[in-house]
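A.B. asks: Chains as they are written, first to last, in our numbering: chain F, 1 to 343; chain P, 1 to 320; chain H, 1 to 309.
Treat the hints with care, since some could be wrong.
Said to hold, decoys possible - Using 27 Å as the maximum straight-line C-alpha spacing, the simulated DSS-like pairs for lysine-lysine come out as follows: (1) K216/P / K16/F; (2) K18/F / K214/P; (3) K121/H / K106/H.
Said to hold, decoys possible - Which bits of chain P does chain F cover? Going by a derived footprint, with three or more residues having C-beta under 8 Å, they are: (4) 218 to 224; (5) 236 to 243; (6) 310 to 317.
Derived by calculation from the structure, the hints in this document are not laboratory data. C-beta: ideal position from N, C-alpha, C; glycine also.
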Amino acid sequence: MSEKLLEVNSLTTSFKIKGEYFPAVDDVSFSIKPNEVLALVGESGSGKSATAFSLMGLHTNARIKGEVLFQDRKISEMGASRMNKIRGGDMAMIFQDPMTALNPLMKVKLQIMETLKIHGSRSKQERQAYAIELLDRVGIPRPDRVAEAFPHELSGGMRQRVVIAVAIANRPKLLIADEPTTALDVTIQAQILDLIRELQDDLGSGVLLITHDLGVVAEMADRVAVMYAGEIVEIAPARELFKNPQHPYTRSLLNSLPSEEMLGSRLHVIQGVVPALNRMDRTGCRFAPRIPWMDASAHEDNPQLREIADQHFVRCTCYKSFELKPDEADIEAEQMNVEGGNG
Amino acid sequence: MLKFTIRRLLITFPQLILLSVLVFMLGSLMPGDALSGLIDPNIPASAIEERREELGLNDPWYIQYRDWVFAMFQGDFGTSIFHQRPVMDVIGGRLMNTVWLSLFSTVLIYLLGLPLGLVSGRYNDSLLDTTITGYTYLGFATPQFIFGLVLLWIFGYNLDLFPTGGSVAPGIEPGSIDYVLSKINHLVLPSFAIALIGLVGTVQYLRSGVIETKQKDFIVLARAKGVSESSVYNRHIFRNSILPIAAFFGYEIVALLGGSIFIEMIYSYPGMGRLFLDSISTRDFSVANVLILFYGFLAIAGALLSDIILSIIDPRIRIK
Amino acid sequence: MNLLEIKDLKVHFPIKGGFFNTVKDYVKAVDGLSIDIPQGTAYGLVGESGSGKTTTGKAIMGLNHITGGDITYDSQLLTGKGKTIDVREDIQMIFQDPYSSLNARKRVFDIIAEPIRNYHKRTKKELLDEVLGLLGRVGLPPGSLYKYPHEFSGGQRQRIGVARAIALNPKLIIADEPVSALDVSVQAQVLNFMQEIQQEMQLTMMFIAHDLGVVRHMCQYIGIMYQGRLVEEGTTEDIFRNPQHIYTKRLIAAIPDTDVDQVERNLALRNAIKAEYDESFSDNLDEEGRAFPLQSISETHKVALPGKG
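Next comes chain F alone, as it looks inside the complex (with noise of 0.2 Å):
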């Protein structure tokens, strides 16, 4: 096997919009190797899920292009049958919303001895019994109580720890982890954080991380891809990116968080919202409209990631140049976009 437990090349993941397609992922490719996290980042709307649906194969009416090899094997070109036998078993998926994500119908043991069954060869009392050792890893009380229960029984917190129970039940290889512990509490969090590690140090698995919490992000992540508008604008070891953050978008979003430092004052603003799939201009640097005091000149025609420092990507040369706007300018460019915006 490669060094590579995941590799992705040029994935475009295109959406139908009034008969027309809009790529949400664009030409996006990074790797993951065991033991690895990559944490994904961005607003929503940056492609970040749509990512993790194309890596699953989730996507039923989305055009992919593009590469994905998965331990070697290139699942993009798979069919629905060898897929299944990957996902869920050695690739496996954490959900982001708990209230939704669990069949309404069925027990909760069921809904994770349906996978235990899928990809393995238990018996039926072993897969009860697991369910059951499952519930108690993730850190659900009474599991054998739980375990008997429908969703609607449960609180949010205990319906993302039964997702996760899920994810995890057949010791995946690669962990795609979409927003994991959005819905939780801080402790249940870092509960749930703790059990992706020891997920890592049991198995060696690599995880895909989807998160806007870049908290999180510090403290799992050992590289970081920043997503805006369907490119990958920057990427880089965690630390190289907290200590030394350079594209204009992970500067904005960094600056954006309440932080001690921030007590006081007002927090960064970006102007603007991620613009929707049909309406994106995809020429050019994607996020010029939303920093319109830099000059045109600072973008490249045709923004490329470029190494700057080692394994430091960023795309466009708008960053050599680009300064946080200062907080008045702030103000008044909010109320331009009130006046002359138009929804």
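Based on these hints, arrange chains P and H on the given structure of chain F.
C.D. replies: For chains P and H alone, kept in the frame of chain F given last:
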């Protein structure tokens, strides 16, 4: 589960008592009583009054009600004024005919409707789906009696494949194989006439249920677990989509047991619907009353059945 | 002056069970909670899910049955019998989920105009001007007026929710997890303008959240809630600089920090506190598993510690 069912059953008792009181009062409100039409006008009024006293017709209403209920428990539903026979005899044969007709229709509705709805929802917006949906619109728009007449005309008169009336061919000995076959043969046209129109609701409900369910997150999660596409549909989508249909099942079956008046008229099928119509037009209130009681009982039973079925499928119902 | 005073609030929900659906027990969602919020300040009510913080918010709004205790708003008693005053106009709520708290079938104009229509008589023109003014205030373009909620992003929807909440010029806002469903960049926007609006309108705010970082940014006072009771209360400074209760310590230690240099240290600290918590948490509760009554340890700082402090 069991607790829910028992509790739900207990609720039906007050409903039944209320129903019977209402029907009883309806009966007493009717002009005249059992004696007014039965007795020769030459008999002196005092004798009639004596008979009244004997029969308990002068007792207070609650005593009469009690006697009426007791009588029913013993199988005595009174006498049909028109037929001059016990009501139960009049209803009995008709009831079995209707039970068979509704059973056939129900089986047909679900046997045809469920696969059509599933296919239509799974491949929505395909040619197949458009065809099925087109048919359901046609079905919604077509009155059942017209559809029944068309079937009768084509398969009964023109092609001469099926009998055009009655519930069994005359002159066959009851209980023989031929008798059963003849019964079934007579059921085919009316039950198809009911089912082919009756299934459109089922198809539409199931179709929209499937379309809604297949976009749910838990379906994506099922696929992410590696569940095969056929299991995704059979195990996850199907059960979640039939909830509205299950909720209607009890009512549907009751509606059919009530008898399909138009179809029974068109096919001259001796069932409950026609009996009810006849009993009202001949002012045979002792039959009509029992039928009303029977329909009311069915409605309560249908609601009960629907609730129990739903509680079996949907655990969220059981809590309340 | 305190705009809101909660005294020994209790909200108990009956647990029904058995064959005849009789009351078997009670869930003590809120069980003896006292909070004072001074006029014009923001008070952060922090706790994990199930701590009773949302129930508290709803109780203030009159959306919950109250088992015991008093809620006083602007020296008027809101609880108890013979309640005649209507302060709903003065107290408004902002909800967690901007997706489901807005009626999807109504246009933005109708959503925001609804509370105004309920309480005041306005001509069409006045109403339109008022709604436009509110839209401007929360930073939405006038073009949003006749759109439907689904046409907006999460942050914009939350702005609509805020516009509706401030439509009646309330004095007290109960914000229940207003940003927990939002992206960080959008969260920053919403927090900024909530802070602005709070200052502009001299609003008093109860900020219910599980995210201590956000609460720290927004609030002057913080109360930490555990199973229906406060375990610690103080200024934001007190809570973050000098947390006393092991539960508070654990909550703070569990927040992931973006400082990559501190990750190892934070994790070690978190584990140490978790160990201490597991070992000694029961000592911090009375025989019934409830937090002890609060005791003052400074002018502003109160902690629920066992014994006489």
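A.B. asks: Hints first: check each against the structure and report whether it holds.
C.D. replies: Going through the hints against the structure:
no.	hint	result
1	K216/P / K16/F	holds, 19 Å
2	K18/F / K214/P	holds, 21 Å
3	K121/H / K106/H	holds, 20 Å
4	218 to 224	holds (count 6)
5	236 to 243	holds (count 3)
6	310 to 317	holds (count 4)
The structure agrees with every numbered hint stated previously.
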